[in-house]
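Colleague: Chains as they are written, first to last, in the numbering used here: chain Y, 159 to 594; chain S, 607 to 920.
Please note that the accuracy of each hint is not assured.
Unchecked claim - Below, computed lysine-lysine pairings styled on DSS-like, alpha-carbon distance capped at 27 Å:
hint: 1; chain 1: Y; residue 1: K269; chain 2: S; residue 2: K769
hint: 2; chain 1: S; residue 1: K879; chain 2: Y; residue 2: K561
hint: 3; chain 1: Y; residue 1: K561; chain 2: S; residue 2: K769
hint: 4; chain 1: Y; residue 1: K576; chain 2: S; residue 2: K769
hint: 5; chain 1: Y; residue 1: K201; chain 2: Y; residue 2: K490
hint: 6; chain 1: S; residue 1: K769; chain 2: Y; residue 2: K578
hint: 7; chain 1: S; residue 1: K908; chain 2: Y; residue 2: K591
Hint data in this document are derived by calculation from the structure and do not stem from the laboratory. This one's a predicted model, so the numbers in the text were calculated from it and none came from an experiment.
Listed below, chain by chain, are the residues.
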Amino acid sequence: MSVRKTMTRRSLAVVAAAAALGLVAGCGGSGAADTGGGIKDGKVTITMGLYGVMGFKEAGLLERYEKEHPNVTIKAEIAGDEQTYYTALQTHLAAGSGLKDIQGIEVGRAKELVDTRATTFADLSKVPGTGHFLPWKQNQVTTADKKVIGLGTDIGPMAVCYRKDLFAQAGLPTDREKVAELWAGDWSKYVDAGRKFKSGFKGDGVAFMDSASGLFNAMIYGSSRQFYDTKGELIHRKNPVVTGAWDLAAEAASADLTAKLRQFQPGWDPGLANGTFATTVCPAWMLAHISEKAGPKNKGKWDVAKAPKGANWGGSFLGVMEQSPVKDEAKKLVAWLTAPEQQAYLFEKLGNFPSSEKALKAPEVADAKSEYFSSAPIGEIFGAAAREIPDKQVLGRKDGTIKDIFSQGLTLIEAQGKSKDAAWKTTDDRIKKATG
Amino acid sequence: MALQTYRRRTFWHRLDVRGAPYAFVAPFFVVFAAFSFYPLLYTAWISLHRVELSSMDLMEWVGLDNFTALWVDERFWNALANTFTLGVLSTVPQLLMALGLAHLLHYRLRGSAFFRVAALTPYATSVGAAALVFTMLFERDFGMINWLLGLVGMDPVNWENDKWAAQLAISSIVIWRWTGYNALLYLAAMQAVPDERYEAAALDGASRWQQFRMVTIPGIRSTVVFTIVLSTIGATQLFGEPLIFGQGPNGITGGADNQYQTLGLLLYEEGWKNYQMGRAATIAWAMFLLLILVFVAQRVVKRLAARHVSRSSQ
Chain Y
159 MSVRKTMTRR SLAVVAAAAA LGLVAGCGGS GAADTGGGIK DGKVTITMGL YGVMGFKEAG
219 LLERYEKEHP NVTIKAEIAG DEQTYYTALQ THLAAGSGLK DIQGIEVGRA KELVDTRATT
279 FADLSKVPGT GHFLPWKQNQ VTTADKKVIG LGTDIGPMAV CYRKDLFAQA GLPTDREKVA
339 ELWAGDWSKY VDAGRKFKSG FKGDGVAFMD SASGLFNAMI YGSSRQFYDT KGELIHRKNP
399 VVTGAWDLAA EAASADLTAK LRQFQPGWDP GLANGTFATT VCPAWMLAHI SEKAGPKNKG
459 KWDVAKAPKG ANWGGSFLGV MEQSPVKDEA KKLVAWLTAP EQQAYLFEKL GNFPSSEKAL
519 KAPEVADAKS EYFSSAPIGE IFGAAAREIP DKQVLGRKDG TIKDIFSQGL TLIEAQGKSK
579 DAAWKTTDDR IKKATG
Chain S
607 MALQTYRRRT FWHRLDVRGA PYAFVAPFFV VFAAFSFYPL LYTAWISLHR VELSSMDLME
667 WVGLDNFTAL WVDERFWNAL ANTFTLGVLS TVPQLLMALG LAHLLHYRLR GSAFFRVAAL
727 TPYATSVGAA ALVFTMLFER DFGMINWLLG LVGMDPVNWE NDKWAAQLAI SSIVIWRWTG
787 YNALLYLAAM QAVPDERYEA AALDGASRWQ QFRMVTIPGI RSTVVFTIVL STIGATQLFG
847 EPLIFGQGPN GITGGADNQY QTLGLLLYEE GWKNYQMGRA ATIAWAMFLL LILVFVAQRV
907 VKRLAARHVS RSSQ
């Protein structure tokens with residue numbers, strides 16, 4: 159009995175030690191180039207890493223591709239939040255493992271990937287039938303030696319969404335052509351219109367615009383040079399586009415024309431529904447959000463007018479990884495998903511605005527009207543904004559972070575009573591820290 | 607031959623007796639080494655470099671530059687101060703209320719089981735859910751708190767943008783979640799205090815309040831110390847509540863003016879917004895060193911106090 163007992167104890171100890179070793183060994187990496195995709199018995203499996211609502215799965219396009227290509231299976235993994243997605247993508251890129259065959263790229267990250275990870279992406283410049291994109295869109299993912307690391311999906315051309323009923327109460331025109339004339343060609347006229355609104359509006363609790371940062375972003379996103387020059391040096395301090403946008407946004411903030419809200423944050427959504435502000439600068443993809451949050455009771459009260467200048471906020475690409483074992487099949491899939499017909503279809507289904515010049519001309523895009531926004535011809539308005547954007551936009555590695563820092567800097571003026579100079583100094587310090 | 611078998615047997619026997627205990631505790635220590643000790647050392651190594659998340663394979667040696675830069679970084683001192691004030695604001699009322707609540711639950715009352723379970727439900731709620739609901743309550747234009755303030759004729763408070771309002775709001779989330787939990791710990795300790803002491807105190811003419819102060823509190827002293835330690839650890843790690851309260855970019859920076867950024871959030875900002883792993887690792891180590899400092903200071907104070915007591919008793 160005692161012998162058996164010691165035996166059991168001994169073997170237990172061995173098992174325990176082995177288990178402990180196994181745990182450690184389990185932490186080691188497995189095959190490095192494994193993307194989960196591959197070809198087996200003539201069956202092709204392609205994996206995709208996506209985020210947010212890029213729409214391919216939601217609108218049933220992946221299913222349709224599988225039906226048209228019976229030997230292809232697509233496995234898409236969709237992260238809800240782009241920030242989380244990109245953090246994971248970065249670690250996967252650094253480790254060279256855990257990547258999918260196809261990875262989504264948000265435009266805010268495009269420059270960083272073009273600069274630091276271009277070799278890990280396959281070149282898509284020679285994929286047949288991909289000459290249909292807006293030139294500025296394609297340039298965002300083209301390296302210095304003309305390699306294209308992604309194909310464009312959607313874009314976010316900007317307009318101004320406004321409340322007709324509130325404009326009428328303030329004695330401003332309500333017709334979208336006349337409203338666009340109020341600020342045609344110059345954002346400072348938009349702020350002037352705000353002053354007119356403020357003096358004309360009888361009553362309380364309604365601001366002209368939601369936030370100063372919305373105005374700031376629209377002014378930056380419409381110009382060819384923003385926070386960086388072509389050499390990748392920061393130019394926000396001396397670029398007149400940035401300082402001009404800062405001055406005007408600060409002016410709007412201190413003239414009390416803003417509701418001091420932050421877009422997509424609590425307070426903003428109920429503000430859309432209850433009308434605490436009369437305008438918001440809106441990229442095309444924001445319309446779905448506004449109509450959902452403002453709800454059916456505000457249908458027909460909102461309208462869309464052309465912005466003073468064309469600008470773009472957001473948009474994505476699909477890239478193929480160089481290490482993918484099914485690179486050619488993945489390229490074919492990406493080309494198909496971003497083809498004009500599919501882009502037009504996604505616009506119809508989900509409102510993702512096409513980055514393909516050809517799709518912009520398709521009747522289902524060009525003639526599209528939004529019933530919720532007083533039947534505004536959104537295809538025409540946003541399409542015109544998309545064509546106004548300069549062909550060569552200089553992006554920078556930390557554009558997204560810098561944009562957030564500027565938004566917070568404007569909040570310092572808007573909601574915390576800081577002076578414009580103090581807020582600029584804080585903003586400049588933060589940019590230094592975030593990019594250094 | 608026989609000797610050899612005997613020797614072999616004793617060898618195995620001795621290995622069994624001496625070695626087996628180590629083998630049994632090995633799993634814990636191996637896991638500890640892999641998931642705690644190794645990361646600790648690797649973090650220290652990273653903190654001596656300039657390295658970005660997108661290129662972890664390229665590390666540039668900078669020595670102690672990250673630490674000296676952190677020492678003169680006002681964001682660090684701001685975060686440290688916020689962590690302290692948020693800790694005090696959330697811990698002190700929390701424990702006092704828990705004590706009061708436990709005292710009430712200690713009385714014989716109808717449906718005591720219900721009240722005890724009810725006290726524990728906030729604890730069972732996830733940080734995310736609780737913080738989200740509180741964020742909505744504290745919303746500026748359409749939040750319930752400002753609506754209630756409006757009913758009694760007060761001006762709406764800009765909860766997120768005002769420094770102390772924001773810290774109060776965040777503390778209230780922590781207080782709401784942890785008061786019931788601490789109350790139950792106190793209650794359990796109170797039930798272990800023998801009834802005879804209360805009877806004796808009552809005979810001596812002690813009022814209810816005197817009984818509470820002189821009998822109950824000393825009786826549950828060790829539990830009180832335990833909850834203070836636990837809440838202090840929780841306070842230094844405060845992260846989820848302010849992150850969710852700020853929503854989006856403001857959550858990571860703890861407000862547009864960093865008015866409620868804790869050390870945990872500053873670490874997160876450096877690591878997962880600026881992607882500067884070297885600087886993030888430096889903050890992690892600074893937090894670790896701070897905890898050690900607090901621990902040492904506490905030991906010194908305790909020893910001094912003990913010496914003082916022994917001297918005065920002589």
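Colleague: What are the numbers of the hints the structure violates, in ascending order?
Modeller: Result: hints 1, 7 break, sorted rising.
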